[in-house]
Each structure stands twice: as structure tokens, then as C-alpha cells.
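Peer 1: Each chain is listed here by its residues.
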Amino acid sequence: MALRRDPASGNSLDSPVKQIQIEGLVVMKIIKHYQEEGQGSEVVQGVLLGLVVEDRLEITNCFPFPQHTEDDADFDEVQYQMEMMRSLRHVNIDHLHVGWYQSTFYGSFVSRALLDSQFSYQHAIEESVVLIYDPIKTAQGSLSLKAYRLTPKLMEICKEKDFSTEGLKKASVGYENMFEEVPIVIRNSHLINVLLWELEDKSTVADKHELLNLSSGSHLEKCLQMLMDRVDEMSQDIVKYNNYSRSLSKQQQQKHQYVQRRQQENAQRQSRGEPPLPEEDLTKLFKPPQAPPRMDSLLIAGQINTYCQTVKEFTSQNLGKLFMAEALQGQGS
Amino acid sequence: MSRFFATGSDSESEESSSAEEITPKATGTAFNKNLLLSDDEEDTKRVVRSAKDKRFEELTNLIKTIRNAMKIRDMAKCLEEFEQLCRAFLKSKAIVDKEGVPPFYIRLLADLEDYLNQLWEDKEGKKKMNKNNAKALSSLRQKIRKYNRDFETEIANYKENPEQSAEEEEEKEEAESGSYSESEDDGEGVTAKSFMKKKPAAEPAPEASKFLKGAADDESESDDDDDDEIWGSDSTDSGSESEDNEGNAASLALAFLKKLRRSKRKERAEEEAEEEGLEQEGGEWEKVKGGVPLVKEKPKMFAKGTEINIPVVVKKLNEILQARGKKGTDRAAQIELLHALAAISEENNLGQGIMVKIKFNIIASLYDYNPNLATFMKPDMWKKCLDCIDELLDILFENSNIFIGENIAEDSESLAVSDQPFRVRGCILTLVERMDEEFTKIMQNTDPHSQEYVDNLKDEGRVCNIIDRLLQYLENKGSTEEVCRVYLRRIMHTYYKFDYKTHRRCMGIQGESKSEQDQEESEGEDSAIIMDRLCKFIYAKDRTDRIRTCAILCHIYHHALHSRWYQARDLMLMSHLQDNIQHADPPVQILYNRTMVQLGICAFRQGMIKDAHNALLDIQSSGRAKELLGQGLLMRNMQERNAEQEKIEKRRQVPFHMHINLELLECVYLVSAMLLEIPYMAAHEFDARRRMISKQFHHQLRVGERQPLLGPPESMREHVVAASKAMKMGDWRTCHSFIINEKMNSKVWDLFPEAQRVREMLVRKIQEESLRTYLFTYSSVYDSISMETLAEMFQLELPTVHSIISKMIINEELMASLDQPTQTVVMHRTEPTSLQNMALQLAEKLGGLVENNERVFDLKQGVYGSYFNRDQKGGYQQKQGYQRDQKGGYQQKQGYRGGYRSQNQSSY
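Protein chains in written order, with UniProt numbering: chain A, 1 to 333; chain B, 1 to 908.
I should point out that these hints are in silico values taken from the structure, not numbers from a laboratory. Here a beta-carbon is modelled for each residue, glycine too, at the ideal position from N, C-alpha and C. Among the hints, erroneous ones may be present.
[As the list claims (entries may be wrong)] Simulated crosslink set (DSS-like; lysine-lysine; CA at most 30 Å straight-line):
(1) B/K860 to A/K153
(2) B/K845 to A/K250
(3) B/K725 to B/K650
(4) B/K860 to A/K222
(5) B/K860 to A/K169
(6) B/K845 to A/K240
(7) A/K222 to B/K458
(8) B/K647 to B/K536
[Claimed, not checked] Residues of chain B placed beyond 12 Å of chain A at every Cβ, according to the derived structure:
(9) R87
(10) V312
(11) R425
(12) E437
(13) E438
(14) R533
(15) M574
(16) G711
(17) P821
(18) R829
(19) L835
(20) A839
(21) E844
(22) G848
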């Protein structure tokens, strides 16, 4: 089913990629990959191949990564990728590495692992993107495929590995502007489009009713559950930070007192004509406490944000459906 | 020989000898110089010596150092020198071939082997030896064995006839020295060389032969002294032997013998008395047979013809007792002597007073036999001890005119047969108490799964018997305090035994009336009545807290064991023991824990699940039930417990026959936790703040969940977990089949005396709790449910269902109402759905999050402004932390504490 999305308005992208065009084949392959290998909360990953045309990234093919198991720890991913790409080149397929894809479980994808790998991709190949495929939403009737890139600000921070409060503040990176979503266009050949139209024309009404499923409880519950987990993590993180800042300020106070005392003493000594006490290294006396890295909490916040978005989207849709159903029932009775 | 040298009792001569003898070790000439002070000019002049002399001199020197090393037990040195000696001997092989093996060499080999064997035998001494020495000893022993194989015949010859060989050599040397014909006058003219020969020759002779010869001749003390001098001079001044008894090897040997006897006497101090008597009255030494130095026939107690009367016997007794506790005292011999003394006094009809006194001492020395507190009595000793105590009690019962007491002074004793009653110092109660402790120790140290244990346990009857008799005795004669003590002993032997007789009788009376016969058969007093009587006496009369505490605990235990739950519980609560048990000593705490556990099990049998759970919670939740009940040590690393502590803990262990079955305990605990926890979990499924009732139970559930593959349950725990799962679904039949089946019956339930009743109770409980769980879990899917259906589902009577549901409604656990005419439960459906619950939880969490966030913000806002405020807060938290620490330490310290109270105060 072809799904077109308008490029998000007002999204001022200064990155080299402003639009992504995905071949229907790639979408099918990703979906198939998940269906065959991913179960439940397991995540499947793969490599995207394609090329950049002006500011448009065209993804023309992909290949999956094998699932990780404990047994083959010595499996060499790089080796595998290189060989795959070489083989694909032999059969005249686009072999340029343009990013990777990953499935997600109820929209939980904002994680440290994703950040790290996307950073390394984007660092090496500037135009790379990560495609997030949500199989559960797709199963409910609407294909969910999103492309993300790290914002240049976040790239800067990751490059410097400065995740302290100050660093983040300076870069003015918030959870909202960690990732940027790139609009996706799915492109099919005309023949396929024709076929699809025809199929749609032929298909019965019942086939399309999946969208109208009214049951919402389990999905929402799941979302809430995960949201709660994240909130717990967030709480912990905040408590940690709180402790840190408290100890920091306490130390500041101590330092202050120490300096004052030293000054007083020196003044006394001066009045008595003695030489002032030697200066001591304050940083040695008061070692500042280890600042907790803030990246994790930022990521959690980002994740919470995505959860909230999904829940919001889901509930608004469902409310609409419920109203519709009510109206229908009123009509029926 | 080893004893002689090792003990060093013969101080003067040995000191002097060793002091002088060590110096000349260096070289032969220096040696001569040193020793032959008088004729050292002559000596230096003499330069020419035959090869044989040279070699032999070397050998003799080495031999001498070896002997010295032997004397001071320096095994390392011995080994070293021996190796040198072997080498030297090889060097002089040519001469040896010509002349034959020199006798002194053989002598050394034989002596050394004997000596080493002796040392080897002496386990005590070996233990004391340092590592180096011990190592050297073992290697040297092996070496000499191997080496001596080559000289077997010679050694055998020598052993047969050491004296002769010594003399032979002596003569030979005489001849030799004669042949050398240096300026040799009778006074001090023995040449250095001849001395060399003679010295080692003379020395080993007596040493080797001392036991063989025995001290045949009886010389006077003064003579002895004379010899002593001679010996002394002999060893210090090399040449002087020729002064008095030059060349008289036999008499020299004799002198040694004399010496030896003396030293031996000194070391075996307990025999001193007899020997004195012996010497005074011309008593005679028996010959000690062949080469086994330690076995000696018992000498006679008194000289013939001595009038044996009480003072003499008492004197003797005191003599024997003086050796008590001294190092090196042969305790076994002491016991023998005391027995002999008892026999003698009996023979001579000295009366019961002295007899009692001796018996006291025999028993005391039997206890003394083991110097170590940790070791236990050997079976024969134990038997002897029991016999002795029995006899003593016999005497005491027969003769009511004997007064015994600890406070009777030694000199105010009256032992003589007269009109006045006997007064003897000693405390029979202490002896019996000690005996009881020994019995416990024996049981602790026997493998509980062996026949030996059963055999030992048979003695329990005798122990009880003795205690009973003592009890009778003291009831008449003893003070209240003593009676309390002996009562406690009696209680200690009664409280843990299930009174099957009474139990059967009760059952019989309930059932049929034909058991009259049985009733008559079981004449013995009901243990409950005995316990009651004894304990009440103690409650009333005892003045030491400990005895009363123990008695109360035992009483509760006994009640609990016999399912008298209310009495047991009331007694426990009235005693207020929970408040201060943590101050008691560990054995009492163990007893407390045992009582608590028994109480819990009793509550379970009575169907008081909550009480059972509370009582067992403390013991079980720690995971150290085994340790807390004194039924075994937990494997822990040595950091937490050093060897000393371990020993102490081992001594606290309860003997196996008193153990409480730990599996039963755990099963009871888990099942009661299940019956409480599963409905609770169902009721509070969505409660974010629900607390676990039992951590351990949850732990087991989690373990069960973690299993990748669930087979049919095997162990008791798996059964309970499986049952819990079934119960969660409200499936009481499955739950029932998991809890009560063949396996569980044999493992757990059949251990109860009233197994059938307990099982019935359990089924009932399972049905009820399953019903509750079912209603909690599935009430949301019902609009209304008929009580009849429920009654059928859970096989309960309608009224019971009605009452359970009513209770749930009253407690606001179930949002429903009862519709009387239709007998249905109508649900109100006010419970939030799971999604709503979730949302509520989330809201709560978000609230927390916001709060935390604001705190961060606060800090940012006023770093200085709110400083004091915050500091106080921080201080408060710190204090809290400190308290927590304290608490932790506190709990750790009271390892054996059971905190029944904290749980129970709320429940009662």
C-alpha cells in the first residue's frame, strides 16, 4: 500500500538530506525480515543501501543483519557487511551504504545504543539515516516507518563526548532536538501502482476494517507500562542529580568557609608581622564530586516524549473511532 | 630414653653435660684439648695416629653430636649429622672391611632407630614440634630404616645383648689403650683415644639397656646420689671415669640406671608416693619386661603389712590427687590408681564415707581425662562414668547418714565410721550435670546416621534414670536451688519428647472405651503432668533467671509439641520473653528459637495460619534456620568466623535426636505463606504500594518462574510453588493435589502425629483461600454470581461461602452486595480497570518525578538562602542513615534473636 507523507512543514533542515525516497522493495524486505526473525520484543536490524541525489536520499535496497546469539560472539559484523556489499555489487545492485534500519517494540527505540551507532554511521557517512519500523502499529493497519538523523548539535556533542550539564546547555540540546525526522516517500514503479489501485478496487470492505478496530486496552496498557518504567528511571536519574548538586553546593560552602578562615588568619598574622600562610591548592583540598552524565536522562526524556506522542496519536485516533462507532450504533438502534 | 632426655627433669647433670659437650663439636683435637685439661700437653704431643684411629675418631665425633642433638630433640641437626656420619662411614669402609663394623656404630644405629620410633609414637610431642623438626624426623626415620637394613644382624645381636657388647668393647678398648701404652696411670691416664672409644661406649650402654635390665638392685638413696656425682663428673670431665671405677663399665652402667630410675620417678609424679613408700618399706620394683618403656605394671598401693586405715587412705588419695592437672600426668593411670584405692578401702571395710569420697574423685578424674573441652569421652570411659555415678547414688541411697556438700571444708570432713553421720565434700549434682553435658557432647560428636548413634542414644535412658534418682535424692536432702537445677535437667530431657502413650490414650478415650487396658498399661505419669509440676516448682522457687527462662521455654515447647496451642501461646505472651530474649546467652536463644518454631508448627496444626506464619517468619526469613536452631553450621568463609568461633558454635549444636525437621519447618512456613499471600496478591494486584507478606515465599515463586522448562514438581518447594500457581487461578483441586499427595505426605505431612487431621484442615484452608482468590481475581468479569455455584465450585457448604463473602464485603475487599432471595453476589463494579489502575500509578509516579525535579530547581534557586534549611535536612537524613547502620549492626549482633514480638504485638 503506498503511503505518502508530506514533508513536515517548517522543518528547516540544514543537513545534506532533506527527503528520503524508499523503494517499495525495501519496505517489503524490512517487514519480511521482522516477520521472519523478530518475535515479541526482539529487535531486527539491517543495512540500507542506496545513493544520494541532490538533497534526496534514495534507498533502493537493504540486507538484514543476522540475529545476535550468545554462541557466535566472534561473528565479525564488518566482515559480513563488506562481503554482502561486494556480493551485491557483483549482481549490479546499489552498494553504497546509506544507513541502517531497526524494528522497534511499542516505539521504544530512543536508547544509548541507537545513539551510539547512528553517531558512528553519521560520522563516517554523512548522509546516513536510521529507519525505525514499528511492526505493531503496522499490524494495526497503518504502516509505521520513520527516518531519523541526529541533529548537527548532537553530533557536535557526541564528537566531543561532553555529556555534562554545561556542555548540553551550551549546545542547547534538549530532548526535542536530539533527532530530526526526515520525510519519507515510498516510491513504486507505475506498474505496481496500477496493480495496487486495482487491488484496492477489488478488495471487499471487510478487508479494510482493520483500521477500525476498537479494542485499545492492551496497547495502551503496554504503552503505559513502558512509560512508567521510563518515568521511574527518570526519577532515579533526577535523584542522582539532586544528590550531586547538593554535595556540590555543600562543598562550595566549605570551600568558601575555608578561604575566609584563611584570610582571617592571614590578616591576623599580618598584624603580628608574620609572613602570610602559603597558598594551598584548593582543588586538591576539595575535590569536586563526580558529575553524573546527563546524556542518559536526555535520552530517557526523548523516549518519554516518543511514548507520549504515540499515546496521544493513538488515543485521538481511538476517540474518533469510538465516536464513529457510537454514531453508528445510534443509527442502528 | 626419649622421655629421659626430653623431659629434662634431670636438670643439673644434663645441663652441665650438654653445656660442655656441645663445645667440643668442632674438631677431634680441639675436643681432646677441651676435655683433657689435665693432660693436654701429652695430648698435643701425640700426633701420629693410625688411619683407623682417625676414621673412628671422626665417626665418634659425629656420633656424639648426634646424641647431643637427640638429647635436645633437634631433629634437623640429627638428620644433618646422620648424613655426614653415613658419608664418613663410607670413607672408612676399607678399615671397616678389615676390622668389622665398629660396635659403637651399630649401637648408635639401634639407639637412633629406637629413639625415632619413640618420637614417632609420641603424637603429642610430634604436634608440639615445629615444622622443620617434624619434617626432619620423618625423613630421618625413613632413612635410618633403609640404612639399618644393611646392619640387621648386627643390630639384632646388639639388641639381644647390649651389655655384653658394651663390655666387650670396653675390654677391647682397655686392651687397646694398653697396647698404646702411653703414660697411663690409674688416676687419670686414659688416653684421649681410649676415651673416645669409651665415652660413646659407656654412654649408650646404659641407655639402651636400662629398660631391659630394669632396676634390679635396690640401692639406698645415698648411693644414688653418689652415682649421680659420678655420672655428672663422667659427662663433664671426660677422663674422670677412671677415678673411681675406671674400666668398670658394668658399674658405670649401673650408675646410669640409677639415674634413670630417679628421673623417671620425677617425671611420673603421681607414682612418687608409692615409690617413696616402696623405698621406705623396702618394697620392690617389679621388672619391666622387654623394651616397651611405657607399659608398666601397676605398683602396689601400700606396703605389705601396713595397717590400712582411713587417714592413710586419705593421705594416699591426696597424694594421687596432687598430681591432678599437672603436666605429664598420666591420667589413665591416675584413674586406675583411684580404682585400686577404692578396691582397697572396700577390702578393708573402711566405711562408706571414704568410699563416697573416692568415688567422687574417680568421677572427677574421669571428666578430667580429656584435657580439651571440645573433645568428648570415649565410650568405655563414658560407661565407667555412668557406672560410677550409679554406684555412688546406690551408696547415697543406702546410707542416709552421709552428708555431701560443696561447702563442707576439707578438714571438717568426717569419714570415719562412727555414730556421727558422714560428712563428705563434693557435689553430686555438679557431677551429674557434667555427665549430662558429656552425654550431649558425645551425641554431638557421633555421626547421627550411624548405628553408633543409636547405641549411644540408648544410654539416654540411663542418663534419665540417674537424673531421676538424683532428683529423688535431692528432693529429700537438697536445697531448693539444687532441686531447681536438677528439675531443669529433668525438664531438658523431657520437653522435646512426644508423649505417645498419652496421645494414644487420649485418642483411645475419644474413640472407644475398650482401651481401658491400654490405660492401665501406660502407668507412667503423663509427661505433661510432670512438666507442669516441675516447671511450676521452678517458677515459684527459682531465683536465677536463667533456669526459669529455660523452664518456661521448655514448657511452652512441650505444650506446643502436644498441640496445646492456647496454653503455649498464653505462656509465651505472659512470660514476656520476646522482650528480652536478645540479652540471653546463645544456648537459651537457641532454645527460644526452637520453641518459637515449635509454636509456629503447633499453630499450623491447629489451623491458625497467620499465627504460624508470624512465629516462623523470623527464623525463616533470615535463611539461617539451621544455624538459628543450632542444628548445623552454615558454610561461611573464614573471615566471618575463625576456627575458635567455629568450635564454640559447634559446642552449641543440638544433638540430632532433638532436631526439628527443617524441611517440615520450611514447608509449614511456605504453605502458610501461600495461604496468606496468594489471596493478598490477588486483592492488591494493582496496588503500587503493596507489601510482600513473605519475602521468602516470593523468592521461591520467582525461582519457579525463572525455570525455563517446568516439569512436574519434585522437591517440597516446587510442590508449593506449583500449588501457589494453581491457587492464583482459583483452582483449588490442582492446588490440593500439589500440596497433599504421596510425595508430600512422606516428606512432610506424615511427620505430624495427627497427620490426617492436619490434612483435613489444610484442604479446608485451601478451599477457602482459593475461593477468596477467585473472587478477587475474577470479580471484575462478573456482574453477579450465585453462591450456590461458588459452593459447588469450591466444595464448601453454602453458609461457609456466605460467611467468607460477607467478611470480604465487610472488610471492603470485595465491592459487592449479597442478594438474599436469589442467593447471589452482585458486583458493584467500582473497581478501576487495569488501564485505569495503570494510569493512576503513572500519575503517582509523575507526581514523584515532578517533586524531585522541583527539588533540583530549589537547589538552583537559592544556594545560600536555603542553606541552613537544607543542611538540617541533610543532617537528618544522615542521622537516619546512621540509625539504619546501627540497626543493622544490632541485628547482626543478636544472631540468635527471634523477633516474634514485633510481628506479634500487632496480631494479638
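Peer 1: Now, for every hint given, state plainly whether the structure supports it.
Peer 2: Right, here's what the structure says about each hint:
1. B/K860 to A/K153: holds, 25 Å
2. B/K845 to A/K250: Cα-Cα ~29 Å, so holds.
3. B/K725 to B/K650: Between B/K725 and B/K650 the Cα gap is close to 40 Å, so the pair fails against 30 Å, i.e. violated.
4. B/K860 to A/K222: violated, 36 Å
5. B/K860 to A/K169: This hinted pair holds, its Cα atoms lying about 15 Å apart.
6. B/K845 to A/K240: Between B/K845 and A/K240 the Cα gap is close to 17 Å, so the pair holds against 30 Å.
7. A/K222 to B/K458: violated, 67 Å
8. B/K647 to B/K536: violated, 35 Å
9. R87: holds, 63 Å
10. V312: holds, 86 Å
11. R425: holds, 72 Å
12. E437: Given that every Cβ of chain A is farther than 12 Å from that of B/E437, nearest at about 56 Å, it holds.
13. E438: holds, 59 Å
14. R533: Check passes; 63 Å lies beyond 12 Å.
15. M574: The claim stands: B/M574 keeps its Cβ more than 12 Å from every Cβ of chain A (closest is about 48 Å).
16. G711: Check passes; 24 Å lies beyond 12 Å.
17. P821: Since the minimum Cβ distance to chain A is about 33 Å, B/P821 lies beyond 12 Å and the statement holds.
18. R829: holds, 16 Å
19. L835: Not fine: 5 Å to the nearest Cβ puts B/L835 too close to chain A.
20. A839: violated, 6 Å
21. E844: violated, 9 Å
22. G848: violated, 6 Å
When the structure is compared with the earlier hints, violations turn up for hints 3, 4, 7, 8, 19, 20, 21 and 22 and for no others.
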